[in-house]
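**Q** Whole structure, please, built from the sequences with the hints as guidance.
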Amino acid sequence: DQQVKQNSPSLSVQEGRISILNCDYTNSMFDYFLWYKKYPAEGPTFLISISSIKDKNEDGRFTVFLNKSAKHLSLHIVPSQPGDSAVYFCAASRWDAGGTSYGKLTFGQGTILTVHP
Amino acid sequence: NAGVTQTPKFQVLKTGQSMTLQCAQDMNHNSMYWYRQDPGMGLRLIYYSASEGTTDKGEVPNGYNVSRLNKREFSLRLESAAPSQTSVYFCASSIASEQFFGPGTRLTVL
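Residue numbers (this note's numbering), protein chains in the order written: chain A, 101 to 217; chain B, 124 to 233.
By construction, these hints were calculated from the structure, which means they are not laboratory data.
Do not rely on the hints blindly, as some may be mistaken.
[Claimed, not checked] Listed below are the simulated DSSO-like cross-link pairs for lysine-lysine, each with C-alpha atoms no more than 30 Å apart in a straight line: (1) A:137 with B:132; (2) A:105 with B:180; (3) A:168 with B:180; (4) A:137 with A:154.
In this text the structure is predicted, and so the values were computed from the model without any measurement.
**A** So this is what it looks like as structure tokens:
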């Protein structure tokens, strides 16, 4: 049972254009979402996150949108650069009533982004 | 400040052999995790340790054991390796939801 799904295994984009990576989840208990970026032969690195009390979070060229009713989030990269070429994972977690994170993340399968010069 | 370190980087085992993957973090994080990454599967949680002295099973714990040696170190042991355990293994640590990952260990079981 895949609770977090990234249905596009790959995405190819021209440099300077927008990249949109999508992620769907099924568990309504998830209330914190993260995007990680992974280069070959390296560990994933944190990119951006969003809490379920928000519907948008921006950090420079990266924006994450959350649609709770659709259980869908997306990562927008504008403008895309060749250095953005990597595997992108979305991940989800939940916080307990005391505000302490359970800490466990559930990851999607990943999307390979290729940005062409 | 090295972050999360993992040893070894690569390992080849024969079926039935045992080995321990080592992980250490220098960020004073309470929680540590072991994941495996397989093609088309994303990262799947094997075991985690919410704090020193505690460990708990994740999504795919069968065939593995862990030890939280102290706050810094969290090891993963394969007692009798199987070809299905061929994978890339990542250790991570966190103090909240954002997890910091090591560079990974690529393990092949023949």
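**Q** Please go over all the hints and tell whether each is borne out by the structure.
**A** Going through the hints against the structure:
Of the pairs offered as hints, the one joining residue 137 (chain A) and residue 132 (chain B) holds, with about 20 Å between alpha carbons and a cut-off of 30 Å not exceeded. With a CA separation close to 22 Å, the supplied pair residue 105 (chain A) and residue 180 (chain B) stays within the 30 Å bound. Restraint check: the Cα-Cα separation between residue 168 (chain A) and residue 180 (chain B) comes to about 29 Å, which is no more than 30 Å; the hinted pair holds. For the proposed pair residue 137 (chain A) and residue 154 (chain A), the alpha carbon gap of about 22 Å is at most 30 Å, so the pair holds.
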